[in-house]
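**Q** Chains as they are written, first to last, in the numbering used here: chain A, 129 to 511; chain B, 154 to 202; chain C, 41 to 462.
What the hints contain is simulated information worked out from the structure, not anything from laboratory work. Honestly, I wouldn't trust all of these hints.
Said to hold, decoys possible - Calculated lysine-lysine pairs in the BS3-like style (CA-CA distance at most 25 angstroms, straight line): (1) A:432 / B:179; (2) C:311 / B:179; (3) C:241 / C:251; (4) A:132 / C:306; (5) B:180 / C:241; (6) C:251 / B:179; (7) C:178 / C:241; (8) A:199 / A:184; (9) C:63 / B:179; (10) A:132 / C:429; (11) C:178 / B:180; (12) C:429 / B:180; (13) A:174 / A:479; (14) B:179 / A:132; (15) A:479 / A:332; (16) C:306 / A:439; (17) A:184 / B:179; (18) C:314 / C:435; (19) C:306 / C:251; (20) C:314 / B:179; (21) C:311 / A:131; (22) C:314 / A:132; (23) C:178 / C:435; (24) B:179 / C:306; (25) C:311 / B:180; (26) B:180 / C:251; (27) B:180 / A:199; (28) C:428 / C:251; (29) A:131 / C:314.
Claimed, not checked - If you only want the chain C side, here are some residues facing chain A, beta carbon under 7 angstroms, derived: (30) 200; (31) 203; (32) 243; (33) 253; (34) 334; (35) 346; (36) 349; (37) 371.
From a predicted model like this one, the values you see are computed outputs, not experimental measurements. Where a beta carbon is used, it is the ideal one built from N, C-alpha and C, also for glycine.
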Amino acid sequence: MGKKNVISATICLVAALTIATVTGKNFMDVKAPDTLHPSANVTETKMLSDYFGDLKGTNSDTPIYVFKGSKPGGSMLILGGTHPNEPAGYLAAVAFLENVKVDQGTVYVIPRACNSGFTNNDAQEASPQYLHFTNKNGQERQFRYGSRAANPVDQWPDPDVYIHAGSGQQLSGSETRNLNRCYPGRPDGNLMEKTAYAIVQLIKNEGVDLTFDLHESSPEYPVNDATVAHEKCMDFAAEGMLELQMEGINMSLEPSPTNLHGLTHRELGDYTNTYPILMEAPNASQGRLRGATNEEMALTGKDKFYVSAAKLGFVYVPYDENGHPIEERVGRHLQGIIEYTKAFSSIHSDKPVSFENVPGYEEMFTDTDPSQLGGPHFGSFLN
Amino acid sequence: MIITLIYRAIVALVLIFTIWNLFTEKKVALQANAALVVIPLILRFLMIK
Amino acid sequence: MCIELIIFIAMVAVFAAGCFWLKLPVSISMVISAIVGALIGGQGIPIRHLVEGTFSYVDTILVIACAMIFMKVLQENGSLDALSCMIVERFHKVPALLLCLIMLVIMFPGMITGSSTAAVLSAGSIMMPVLILMGIPKLETGCIIAMGGILGMIAPPVNIPAMLIGGGVDLPYVGFEGPLALLTFPLAFLFVLMFGFKYVKHLDYEAIRQKMNTESREKYGFRNYIPILVCVFLMILNKAVPAIPDLGMPLVFLISAIVGLFTGKKVPVLKTAKEAINTVLPVLGILMGVGMFIQIMTLTGVRGFIVNVCLSIPDAWRYLAMAISIPLFGAVSSYGASSVLGVPFLLAFLAKNQVITAAAISLIASLGDMMPPTALAGIFAAQVVGVKKYTDILKKCLVPAIIMLVWATIIIVFSPQLAKII
Chain A
129 MGKKNVISAT
139 ICLVAALTIA
149 TVTGKNFMDV
159 KAPDTLHPSA
169 NVTETKMLSD
179 YFGDLKGTNS
189 DTPIYVFKGS
199 KPGGSMLILG
209 GTHPNEPAGY
219 LAAVAFLENV
229 KVDQGTVYVI
239 PRACNSGFTN
249 NDAQEASPQY
259 LHFTNKNGQE
269 RQFRYGSRAA
279 NPVDQWPDPD
289 VYIHAGSGQQ
299 LSGSETRNLN
309 RCYPGRPDGN
319 LMEKTAYAIV
329 QLIKNEGVDL
339 TFDLHESSPE
349 YPVNDATVAH
359 EKCMDFAAEG
369 MLELQMEGIN
379 MSLEPSPTNL
389 HGLTHRELGD
399 YTNTYPILME
409 APNASQGRLR
419 GATNEEMALT
429 GKDKFYVSAA
439 KLGFVYVPYD
449 ENGHPIEERV
459 GRHLQGIIEY
469 TKAFSSIHSD
479 KPVSFENVPG
489 YEEMFTDTDP
499 SQLGGPHFGS
509 FLN
Chain B
154 MIITLIYRAI
164 VALVLIFTIW
174 NLFTEKKVAL
184 QANAALVVIP
194 LILRFLMIK
Chain C
41 MCIELIIFIA
51 MVAVFAAGCF
61 WLKLPVSISM
71 VISAIVGALI
81 GGQGIPIRHL
91 VEGTFSYVDT
101 ILVIACAMIF
111 MKVLQENGSL
121 DALSCMIVER
131 FHKVPALLLC
141 LIMLVIMFPG
151 MITGSSTAAV
161 LSAGSIMMPV
171 LILMGIPKLE
181 TGCIIAMGGI
191 LGMIAPPVNI
201 PAMLIGGGVD
211 LPYVGFEGPL
221 ALLTFPLAFL
231 FVLMFGFKYV
241 KHLDYEAIRQ
251 KMNTESREKY
261 GFRNYIPILV
271 CVFLMILNKA
281 VPAIPDLGMP
291 LVFLISAIVG
301 LFTGKKVPVL
311 KTAKEAINTV
321 LPVLGILMGV
331 GMFIQIMTLT
341 GVRGFIVNVC
351 LSIPDAWRYL
361 AMAISIPLFG
371 AVSSYGASSV
381 LGVPFLLAFL
391 AKNQVITAAA
401 ISLIASLGDM
411 MPPTALAGIF
421 AAQVVGVKKY
431 TDILKKCLVP
441 AIIMLVWATI
451 IIVFSPQLAK
461 II
C-alpha cells in the first residue's frame, strides 16, 4: 500500500463520510413530526399506543384527536395518512381536525395513521419533503410529504414475499410495510401489522361505527375519483354518493373486492362492527406518467404529461391544464365525509354523528378564486 | 427485532470489507467507486435512512 | 425539443463520454451524468436526491455481497469440485437430460427468491464446473447460467416483477403459476440445449475423469455437500412454512458460508471475504450510480417523458414499444422497469387477460438483467465462468433474448384464448 494510495483513499472516505453526514442530518430532520393545531373543540388527545402498548416508543405511535359532541350518538374514525405520499388524505384529516365542532356522537381523527412513513421518502421517487402553506393568521405551516409505506429502518429487512397473515395472500416483499395491506393486523407481527392491530383495537374498544380511510391514487390507476366500500355499507354509501354527484362531484362507488386482502374496506368490515369507507382522489405526484416532481406539482396537480396522456385515453380521471389542486382533492374528501356521515346517520338512526364547521367542496374549491388554488386557499383553513 | 440487529451486523461486515478494499485499491477511480458504496451502507448501519 | 428530452440526451451523452472517452468506471460516469442532468434541470446539485436514489439497492447490495462470499467459500473449501464430480459421474450417459437438470438447478434459487443474482451466483457457480467439465466452452456456459438466472427469476412460485406489476393495479398474485411455467420452462430447456447440446452429444467420460479434481470428494465425502444443502433447506424453509420468519437471502448465504468453513478444506476467512467484496464492488458501485441516475430522471421529469413516449406509440406498434422499452429501462433494474413501465403497459393491454399479460410482461422485464450497464445476470455469469468481457455473453444471448420477447408477445396476443386452457 503506497503512501499516495492511502492519501487518495483517505480523501475518498472523508468525502463519503461528509456526504453521509450532510444527507444524514437531512434524513434525521424529516423525522420530526408536524405540529398540528386542533380546533378548540377537541376534547382529548390520545396516542395509538393507548390501545396497544407495544407501539409505545416506536415511530408508529401517533396522536388520536378525540372530539366528543354535547349530545350522545354514534362514533366515527377518520384515518388520514395511511399512505404518506398521498397528501390530500393527510391534509383532509388535518383540515377536519383544525376546524370541526362535533354536535352529536364522538369523532376520532388519526391524521398520520402510518406515522413511520412520514419519517421517510421513497427512493427514486424524488418526492418533495415538505408542503408549505400560509395559515389564516399569515404564519407559515409545513407538512411532511412521506413515503407510501413505512420507513424501512423501522421494519427491516423486508421478506422476499409478503404473506398476509389472515388470508395467505402473497404480495411483493415491500408490501409488508404497507399499512393498508396489513389489516386486521396481529399483536405479534411486524410494526405495520401491530399498527393495524392497534387501529382495530381502537375500533373495537371504542365501538367505532363508521370509519373513513382517506387516500389518493395516480391518475392512471383505475380506482380513482372513487369510494370503495364494504358490502355492508352499500345502503348509506349509495345514498351519500348520489348526494355527492348532485353537488357536482364526480364520484363512483365500488364494492370492496372479496379477493384482495389486508385493506381497510375489506378487513375492518369483516373483522369489526365498523362500516369502512375508503376514498380516492387523483394525485399526479405519485403517478408513473408524471413530469418534473416537486412541491408545486403535489399542490396544483398540474402536469403536462398527464394532460397528453388523458388525450390518449390512458388516465381514469379528466385531466386538463388546470390539474387537480389540493383544494379540490381535500374538498372531495371532506364533502365525502360530510355526505356519507349524513347518510349513515339517517339509516342508522340509533347511532347518529353530526358535526359542523368543516369546509366542504364548494367552500374549499368551487367557490374559490382560481388564482388562490394550489395551496393559498387551503392554508386559509389552517390554524 | 433480532433479525434487524443481524442485518445491521451484515451491513457492518460489508461496510468494513468495502473500506478495507478502498484502502488496498490502487486506482483512484475505483477508490471513488468504493466510497460511493460506503455512503448508503453507513446511513443504513446507523438506521438513519 | 422539450426540456426532458434535452436533459435525457445530455445525461446519456455525459455517461457515454465518461465510460468510453474518459475511461471512468461505469458508476462514476453515472454519478456525473446524474449531476449534469440535475444541473440542466435547474436543480443544482441535489445531494439529498442523489443519496436517496441509492437506497433502492441497499438490500440488493447485501444479497450480492453475501452470495459472493458464499460462492468464494465453496470454491476454496472444495465443495464445488466435489459436486461437479458427483453429477457428471451419475448422469454422463444421458447428456440432454443432464443439461435440462442442470438448467433446473440453476433456475432453482431464482424460482425461490425471485432474484436472478441469487441464482447466478449460487446455483450458477455450483453448476459452472460441471458444464465446463462436460466440454462446454466458458462463453456458452456463461450464457446458460445467465439465461437460467433470469428465467429462474420469472419461473414460479416466486416472481417479484409480476408481483410488482400486479401490485400496481391491485391484481393479487394468484393464478400466476400456470402462465409463468408456460412462459419459462420451455424456453429454459430450449436455451440450454441450444447452447450446450452440440458439445455434450458425444460425451467422453474417461477424458473428463482425467480432468476432474476428485481430491475433495475423496477426502471429505458427503460433508462437501452440507453447505449447499443448508442453503437449499433455508431457502425453502420459509416458503414451505410461512409461520417461520423469513431469514432473507443475505443471511441464508452467510449461514451457508459459515457452515462451509467447517466442512472441507481450510478457508482463509478474511482473505476470502475481502476478495469476494472486491469482486462485486464494481457492480455495487454501478447500482449506486443507477440509483442516483433514476432519481434525477424522476426529479427532472425524464422518467415520465420516457413512459409517455412509450405509451403514446400507436396500438399496432405498442407490442414493439414494450418489447424494446421495458428491457432498455431494465438497464436500471428489472424491478424498476416492471414497476415504472410494466404497470402502464398492463393498463394499456386491459382487453387482454390480466394475469397472463402481467406474467408475460414480467418475462420481458427480466431481460433488464441482461441490459448494460447493470446487466446483473450477464456480469455475474461472466465473473462465475471467468469470461473477461461480459458483453460477449450478452451478444451470444441476443437470439435467446429475441426468442423470449417473441414468446412473451405471442402469449399476450393469445392470452384471452390461453386463459380458457390454463
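**Q** Each of the hints needs a verdict: does it hold here or not?
**A** Comparing the hints with the structure gives:
1. Proximity of residue 432 of chain A to residue 179 of chain B is assessed by CA-CA distance (about 49 angstroms); at most 25 angstroms being required, the pair is judged violated.
2. For the given pair, residue 311 of chain C sits about 17 angstroms from residue 179 of chain B by alpha-carbon distance, which is consistent with the 25 angstroms threshold.
3. Note on residue 241 of chain C and residue 251 of chain C: the hinted pairing holds, with a Cα-Cα distance of about 19 angstroms set against a maximum of 25 angstroms.
4. About 35 angstroms separates the Cα atoms of residue 132 of chain A and residue 306 of chain C, which puts this hinted pair outside 25 angstroms; it is violated.
5. For the given pair, residue 180 of chain B sits about 46 angstroms from residue 241 of chain C by alpha-carbon distance, which is inconsistent with the 25 angstroms threshold.
6. Among the hinted pairs, residue 251 of chain C with residue 179 of chain B is inconsistent with the structure: their alpha-carbon atoms are about 36 angstroms apart, more than 25 angstroms.
7. The suggested pairing of residue 178 of chain C with residue 241 of chain C holds, with an alpha-carbon distance near 17 angstroms, which does not exceed 25 angstroms.
8. With a C-alpha separation of about 32 angstroms, the suggested pairing of residue 199 of chain A with residue 184 of chain A is violated against the 25 angstroms cut-off.
9. The suggested pairing of residue 63 of chain C with residue 179 of chain B holds, with an alpha-carbon distance near 16 angstroms, which does not exceed 25 angstroms.
10. Straight-line distance between C-alpha atoms of residue 132 of chain A and residue 429 of chain C comes to about 30 angstroms, which puts the hinted pair past the 25 angstroms bound.
11. Only pairs whose Cα atoms come within 25 angstroms are accepted, and residue 178 of chain C paired with residue 180 of chain B is rejected, the gap being roughly 29 angstroms.
12. For a cut-off of 25 angstroms, the pair hint linking residue 429 of chain C to residue 180 of chain B stands: about 20 angstroms separates their Cα positions.
13. Restraint check for residue 174 of chain A and residue 479 of chain A: satisfied, since their Cα atoms lie roughly 23 angstroms apart, inside the 25 angstroms limit.
14. Distance check on the hinted pair: residue 179 of chain B and residue 132 of chain A sit about 9 angstroms apart at the alpha-carbon level, within 25 angstroms; holds.
15. Our distance criterion of 25 angstroms between C-alpha atoms is met by residue 479 of chain A and residue 332 of chain A, whose separation comes to about 15 angstroms.
16. Note on residue 306 of chain C and residue 439 of chain A: the hinted pairing is violated, with a Cα-Cα distance of about 67 angstroms set against a maximum of 25 angstroms.
17. Our distance criterion of 25 angstroms between C-alpha atoms is broken by residue 184 of chain A and residue 179 of chain B, whose separation comes to about 50 angstroms.
18. Annotation: proposed proximity of residue 314 of chain C to residue 435 of chain C is violated, straight-line Cα distance about 31 angstroms (limit 25 angstroms).
19. This hinted pair checks out: residue 306 of chain C and residue 251 of chain C have alpha carbons roughly 23 angstroms apart, not beyond 25 angstroms.
20. Distance check on the hinted pair: residue 314 of chain C and residue 179 of chain B sit about 15 angstroms apart at the alpha-carbon level, within 25 angstroms; holds.
21. Taking the CA atoms of residue 311 of chain C and residue 131 of chain A, the gap is near 22 angstroms; set against the 25 angstroms cutoff, the hint holds.
22. A C-alpha spacing of about 22 angstroms is found between residue 314 of chain C and residue 132 of chain A, which places the hinted pair at or below 25 angstroms, so the restraint holds.
23. Taken as a hint, the residue 178 of chain C and residue 435 of chain C pair is honoured in the structure, with Cα atoms around 14 angstroms apart against an allowance of 25 angstroms.
24. At most 25 angstroms may separate the alpha-carbon atoms for a hinted pair to count; residue 179 of chain B and residue 306 of chain C exceed this at roughly 29 angstroms.
25. The suggested pairing of residue 311 of chain C with residue 180 of chain B holds, with an alpha-carbon distance near 20 angstroms, which does not exceed 25 angstroms.
26. Taking the CA atoms of residue 180 of chain B and residue 251 of chain C, the gap is about 37 angstroms. The hint is violated against a cut of 25 angstroms.
27. Between residue 180 of chain B and residue 199 of chain A, the direct Cα distance comes to roughly 76 angstroms. Violation of the 25 angstroms bound is thereby established for this hinted pair.
28. About 23 angstroms separates the Cα atoms of residue 428 of chain C and residue 251 of chain C, which keeps this hinted pair within 25 angstroms; it holds.
29. Proximity of residue 131 of chain A to residue 314 of chain C is assessed by CA-CA distance (about 21 angstroms); at most 25 angstroms being required, the pair is judged to hold.
30. A distance limit of 7 angstroms between C-beta atoms decides the matter here; for residue 200 of chain C the minimum to chain A is near 6 angstroms, and the interface restraint holds.
31. Restraint check, residue 203 of chain C versus chain A: the minimum CB separation of about 4 angstroms is within 7 angstroms; hint holds.
32. Hint status for residue 243 of chain C: violated, given a least beta-carbon distance of 37 angstroms to chain A, over 7 angstroms.
33. Against a cut-off of 7 angstroms between C-beta atoms, the interface hint on residue 253 of chain C is violated, since the closest Cβ of chain A lies about 34 angstroms away.
34. Against a cut-off of 7 angstroms between C-beta atoms, the interface hint on residue 334 of chain C holds, since the closest Cβ of chain A lies about 5 angstroms away.
35. The beta carbon of residue 346 of chain C comes no nearer than 10 angstroms to any beta carbon in chain A, farther than 7 angstroms, and the hint placing it at the interface is violated.
36. For residue 349 of chain C, the interface hint is violated, since its Cβ never comes within 7 angstroms of a Cβ in chain A; the closest pair sits about 10 angstroms apart.
37. For residue 371 of chain C, the interface hint is violated, the least distance from its beta-carbon to any beta-carbon of chain A being 14 angstroms, above 7 angstroms.
In terms of the numbered hints stated before, the structure departs from hints 1, 4, 5, 6, 8, 10, 11, 16, 17, 18, 24, 26, 27, 32, 33, 35, 36, 37, listed from lowest to highest.
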